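**Student:** The listed protein sequences correspond, in order, to chains H and G.
Under the working numbering, think of the first position of the first sequence as 246, with each following residue one higher.
Under the working numbering, think of the first position of the second sequence as 1105, with each following residue one higher.
Source of the hints: derived by calculation from the structure; they are not laboratory data.
Bear in mind the structure is a predicted one, so any value in this text is a computation, not a measurement.
Every residue, glycine too, gets a C-beta built ideally from N, C-alpha and C.
Some clues are possibly wrong.
If the Cβ cut is set under 10 angstroms, some of the chain H residues that face chain G in the computed set are [said to hold, decoys possible]: (1) 258; (2) 273; (3) 278; (4) 279; (5) 282; (6) 301; (7) 304.
Computed list of lysine-lysine pairs in BS3-like fashion (alpha-carbon distance at most 30 angstroms, straight line) [claimed, not checked]: (8) 272/H x 1335/G; (9) 1571/G x 272/H; (10) 1335/G x 1733/G; (11) 1571/G x 1146/G; (12) 1613/G x 1335/G; (13) 1571/G x 1733/G; (14) 1518/G x 1613/G; (15) 1146/G x 1335/G; (16) 272/H x 1613/G.
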Amino acid sequence: MALAPLTLLTPGTPGRVREIRAGDELKGRLTVLGLLPQAEITVVSAGHGSLIVSVAGSRYALSRGIAAQVLVSEGDRPA
Amino acid sequence: MTAPIRIGLVGNPNVGKTTLFNALTGARQHVGNWPGVTVERKSGELTHQGVAIEVIDLPGIYSLTAYSVDEQVSRDFLLDERSDIIVQVVDATNLERNLYLSTQLAELGVPLLLAVNMADLAEEQGDCLDYGRFAGLFGLPAVRTVGSTGEGLAELLDEVVAVSRAGRPPRVPMEYPAESEAAIAGLVAVIERDPALARRHPPRWTAVRLLEGDEHVLASIAGSPVAPAVKEQLAGVDAIENEARFADLRYSTIADLLPRVHTTCARRTSPSDLIDRVVTDRYLGIPIFLAFMWGAFELTFAASAPFGTLIELVFGWLGEQVRGAIADPWLASLVGDGAVGGVGSVLVFVPSIFILLLVLSVLEDSGYMARAAFIMDRLMHAIGLPGKSFIPMLVGFGCNVAGIMATRTIEDPKDRLIAILLNPFMSCGARLPVFVLFAGVFFTAHAGTVVFFLYVLGIVVAIVAAKLLRATVLPGSSAPFIMEMPPYRLPSARTTLLHMWSRSSMYLKKATGVILIGSLVVWFLASFPVGVEYGSEASLAGLIGHALEPLVAPLGFDWRVTIALIFGFVAKEVVIGSLGVLYGAGNDPGALAGALAADGALSAPVALSLMVFVLLYTPCLAALATIRKETGSWRWTGFSVVFGLSIAWVLSFVVYRIGRIVLGGA
């Protein structure tokens, strides 16, 4: 399945994280929050500058800059 | 008597930890500061089964890697100061992420107990837990708690006593891959050659953290004789790879075990998602937010007015009584005018600050404030700050001291510094009475509009200042924005009141101390040299006013306004009290309004220029003291003074000149 940045995931549709193309520090922070490859993720709301995602049972606001570095595939089947 | 059992209370942010802490300790709390930083240190005492227990409430953390000042405090406590037992408050609705921290804490070698909090919410969502199985599967005893109602607290304390008596550290069944285990064993052998180091933390934990490239741990072994041997072992280790691999391992361990304690009893869609879709909507979000804010300010001013008047009356009466009761006129004036009058003039604003902070606490505890930060993120981003920095700005409308302290959650030090420097431009509650008085006298019909535009001006100046700081002294772009959106909940009255109290009492403490001293200085300057009429041209205050008059004459200010502004440095509301003294109107606002209207030196343009100046000039003493503490730098504190003064002077000058053309007058 094609990979797309999280920013392009349709709100309400579940997706699965495939890859995180971020620097090490940011990657570490996301990992701790449960945002890591294979995690199921849903975009709850896409605002103007950032989006709210639901992952690992919590909701987080992420700036678009971060979301663009998270590659997801639509659908919630594991790879 | 034995030493009390010391509990370190930790947990992820937004898991109801502070609610639980309050429920455990009630009013028996001490609020102090952690050494070296200004993060509050909250501890409390209680007795259970005849055993004395001390609870220390640590700032929320997601892991043992610290990104903000708050998180550093928790990490340092857990690693260096330590407690007899760690109680981790975990959110029952989100065990997976919460248990990630548990897997790290478990390796610290300190007895660990889980308080599975907000269990009622999880059960409502259809998640039931088998608490007995936690100890078997995770090696961690767990107790079901509901902090807001106090359910499960007695059982929690029973376990605290039992677990800390047994003194057994937990055993989480985590198995690292064979090659990592070999590396860990190699490091452990080296670490154990330095007994001091091996005693500090369990060698296995130190080894794991070293393999993950924890810089804090790396720095802490620098002085050890085995440091070179450790470095040798670490050569060729890919810390980043390890960190990712271990994190994965922690999550997969949790994911394997979780289904065995976690059963689903019914399913419902989360109402939080529905609310979020509406309040964070691209188009509805901002109008809803503005409506909330407008409501908050309306409520604040309407509800606090009667209390303010009451305090004013009480202090007026108290001043009279004191002046009447003390025979010596000097002493009577010092205590009556200086101390009582000065402190009273500030306490008048306490009700509005308390109520505003109460409203903000409700918004925060309900989970809405995090959404407000999300909604405002785009705007904040445009001025080069993360959305998070919006909350301190909002709090700044109540009191800049509280606002500056609220910047602590901003991780990036540059972002935080800018947020601190901007805060004084948020028109705090203390400036409002000055605006109300002058706008009322000189812009009778349009007073409300003038005051509204002053608030807007403050915001605009903050935006421009942020851009300016970004472009010059603090270059860079705002740190990427990640912020948890806690689920919506109905805040409990008790929690919200305690939240408000912990913020506003800080204001009270700071304000009363600084302002008492300031008021006495004002009194001294207005009373000496001996024999002059209080606050007259011949007094020290008058002389200073005259000396500085040329500097502010281009803004339309005469010596009296100059003195009032100098005194306003203590606290901006003091401007009114000083003018009252200088115009011989005492504490009677009606008389002062009449005197101001009658003074030929004052006019609408001067009033406008004065209000702009009061809005923007140098933060008050209490705010400066806070800036100094929070930035830890006199240089930035001084910068804040000069920055505010320069902007105030330039804008007042512009407003005064334009005002004279448009409105006419002196």
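**Student:** State for each hint whether it applies.
**Tutor:** Consistency of the hints with the structure:
1. 258: Residue 258/H check fails; min Cβ-Cβ to chain G is 13 angstroms, beyond 10 angstroms.
2. 273: It holds, given that the least Cβ distance between residue 273/H and chain G is near 6 angstroms, below 10 angstroms.
3. 278: Hint on residue 278/H: holds, closest Cβ of chain G at ~6 angstroms, below 10 angstroms.
4. 279: holds, 5 angstroms
5. 282: holds, 8 angstroms
6. 301: holds, 5 angstroms
7. 304: Nearest chain G Cβ about 4 angstroms off; hint holds.
8. 272/H x 1335/G: holds, 25 angstroms
9. 1571/G x 272/H: Distance of about 29 angstroms is within 30 angstroms: holds.
10. 1335/G x 1733/G: The hint is violated at about 37 angstroms.
11. 1571/G x 1146/G: violated, 37 angstroms
12. 1613/G x 1335/G: violated, 49 angstroms
13. 1571/G x 1733/G: holds, 24 angstroms
14. 1518/G x 1613/G: Given that 30 angstroms is the threshold and the Cα spacing comes to 28 angstroms, the pair holds.
15. 1146/G x 1335/G: violated, 38 angstroms
16. 272/H x 1613/G: violated, 42 angstroms
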